[in-house]
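Novice: The residues making up each chain are set out below.
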Amino acid sequence: MSDFTPEDRPNALRRAWDSDLAYSFRTSPVALVSGVVATLIILGAVLAPLIAPHNPFDPATLNLMDGFTPPMEPNAFTGNVYWLGTDNQGRDVFSTILYGARTSLFVGFAAVLFAMTLGITLGLIAGFRGGWLDGLLMRVADVQLTFPSILLALLIFGVARGFIPAAYREAMAIWVLIVAIGLSDWVQYARVVRGATMVEKNKEYVQAARVIGAHPVKILVRHILPNVMGPVLVIATIGLALAIIAEATLSFLGVGLPPTQPSLGTLIRIGQGFLFSGEWWILAFPSAALLALALSVNLLGDWLRDALNPRLR
Amino acid sequence: MTAFILRRLVQSVLVMLVVALISFALFRFVGDPVASLMGQEATAADRDALRARLGLDQPFWMQFIDYIGRVLRGDFGISYRLQQPVAELILQRLPATLELALVSGIAAFVLGVALGVYTALNRRGWLSNAIMTVSLIGVSLPTFLIGVLLIWVFAVELQWLPSFGRGEVVQIGGWRTGFLTESGRVALILPAITLGLYQLTLIMRLVRAEMLEVLRTDYIKFARARGLSNRAIHFGHALKNTLVPVITITGLQLGSIIAFAIITETVFQWPGVGAFFINAVRFVDVPVMAAYLMLIALIFVVINLIVDLLYYVVDPRLRVDRGAARH
Amino acid sequence: MSEPLLSVRDLVVEFPTRRGTLRALDRVSFDIAEGEVLGMVGESGAGKSITGSAIIGLIDRPGRIAGGEIRLRGERIDNIPEDRMRSIRGRRIGMVFQDPLTSLNPLYTVAEQLIETIRTHLGLSEREARERAVALLDQVGIPAARRRIDDYPHHFSGGMRQRVVIALALAAEPELVIADEPTTALDVSVQAQIIDVLRDICADRGAAVMLITHDMGVIAETADRVAVLYAGRVAEIGPVRDVIQAAEHPYTAGLMGSIPTLTQTAERLTQIPGAMPRLDAIPQGCAFNPRCPQVMPRCRTERPDLLARGQGRQVACWLHAREGVGDV
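Protein chains in written order, with our numbering: chain W, 1 to 313; chain D, 1 to 327; chain U, 1 to 328.
Derived by calculation from the structure, the hints in this document are not laboratory data. Misleading hints may appear alongside valid ones.
Claimed, not checked - Stretch by stretch, here's where chain U covers chain D in the computed footprint (C-beta under 8 Å, at least three residues):
| id | segment |
| --- | --- |
| 1 | 138-144 |
| 2 | 205-219 |
| 3 | 306-317 |
Beta carbons: idealized from backbone N, C-alpha and C, even for Gly.
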């Protein structure tokens, strides 16, 4: 029996509120504003099917007569009013942004998750095993770091498209994109985790665990991983901003997601076409959404780095 | 010195060989070259004949050696999409990309160093703070968005500058330049800003950080204690020491300028190699992709080599030939 | 006695910090006569280096001179414009720093650094400046000076580099040289040589030296007079021989007790219990009172001023107040 009753423990929420990290968050205006903006966009994206006034991908709800309605003005034919106006097909720009952000964030989070899993695994192996495997992995990492990741993602994407039969290219695009962005961004995780692993594996408690015959994988997961969660979280946050930008860039270039599955980058690409004919809102609002998302996540990452102050290179 | 250069050269050649292998594998295994080059009506015998003519029936390593031989002669195959030699297509478009990269690279470096030094020397000034804040936004802004916004403001609203193309170009030998005409120079402005802005903020922040670091060193304090002028201390002693690490990183940034040129060229419909590559990715034009990979790798390797040599020229501590610590 | 070369009166240097203002120097006063070598001793943090920085007008930000005055030949130099101060630095007051490995700019040759300094202060041509630079290197004992002058700093050993630093400090014939722990970073084997070079070259030119060190042995051999600093205040000043043989301040006595001599064994070293207070925790009254073996009630409430004791000696201690000749 433990003499530790649940009442003795401060409740988890209270504890989180009192932590240094939460205090630093509450007292940093930049972090607060960024946090609110990012949360609003993420909530809007997740709840898009509930919030969005229209489903932009359901042709039944679209009325071509509604096309090119300026923001906050009644449409000349139908009299309908849209907050942020409509595009050429009469789709509500606000709704397309919500759905676009949904796609952007899905790709961003999935790419970060992929890069993180890959980076942590390779970093643990490299740090724990050492030897030629470590040498090889770190050489690859060095070479990759000198290459801009957007170019790398583009190349990986191009190669992958070559392997995939033309009929499946559109359907597979989102997964190829996730893998391409993820593969271009695993190095930082691997470096941090490798460094920590090399330090921790020689500490006495890890040696002791080895002596009593604990499985290496268990040692890694139980003892070493918790030590690197801080830096990994920082890299992941900044990585999320980078992944969102990378996805938007590729989609803007027309080599990312197909128009049937638009992300914020695709929307900006579409909007650019109407710039010269005066329908500025089709471009401006998705651009502002992307900027707000990328900037707020980036600033959150910066704040997190300063707050946790891990040794990042 | 010679040993150092030799070692770097060998490393560079090794890197190029690895890239060539990747690029060859791409060339060889992605899609079916025979199917891509021949129409649907070709007979099986025709296909076998082409296969033999292209050497595709040879063992892998023989084909690879063959491939390297052809690459060294400048033969990168035929574009699937345009049915023309890839090398020729790329050479036609290279001047546009190089002129753009050169202008924005130089502008980014000069302005970046100037602003970095200014913000470091006037650390508490309001202008420095304003510059630093704007640069923070500049770092988070995706390149393509900068381009689109510039087009909106300067081409659509103000109508001061063109939004696409190179303007009028003049052919000098194999080089098609936009520097010599008014419209060519004007057309360069927006793309160059788009391409250079990110590098500029990066260089500026780096120079500022390094300069602040150097200004705290003992030799700067000693220089002050000897009564040297601020000018001599800031622009002679401090700047030179600042530039040593800056050169390395800036050199590597030159590589990313070439990479980001892909985005800028697409936004501004700039007829360069980057936009060409994007189209190749879109249409899975494998020979073009493979050649571009080699080209980018070559540029990176050459830049790395130059940076190393420059480093060596600037920092006398690396010149070991005169013997360290002679008494 | 004629006017001193350098005169420091009631110098106060403060560092504003988030937790309040720290006083690094608190009413420090001393003189340096022409051609004299003044040793300045004290533990780390006593304010020796800051005194040197204050004289040459190079206190690190955000520190500042908050009171008192510094005069060079009677002329105030603590509140003059930066460009006038710059013409004094190097020209009239030279400075030698602690670490020769970091004092020289690694990217310039010794010749470039010397010629630049010489030409900044003296109206010489490039060639004349170069000749002068060679002569200087020769005087500080660099063999084959004419050949070595175009080498970079990293081609020289630590001791040789400190010789170069001394040559640089003396390049424009200053009247005063401030040497801030000039041998601390060097090999023990070359420390004595460097001190000799410094002393001889300054004696040749009649330049006065303010020698900052925590090594009483160096002071005993080199200095004419010594000033003892404790917690940002002057504890005692006097001719070296007198101070060493008959220290008047209990702190000085303890400090002298810690110079090992050949006749003493290690066990007999006098020790001062405790440590110097941090700048944010200097006790009321005499700063030394918590550690003083002869502490009196008055020491805990009232701060003693420097009292003249005759024969050029001054001490800040209540033990000597009754017999004191009067305030300075």
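Novice: Kindly indicate which numbered hints from before are broken by the structure, ordering the numbers from low to high.
Specialist: Failing hint: just 1.
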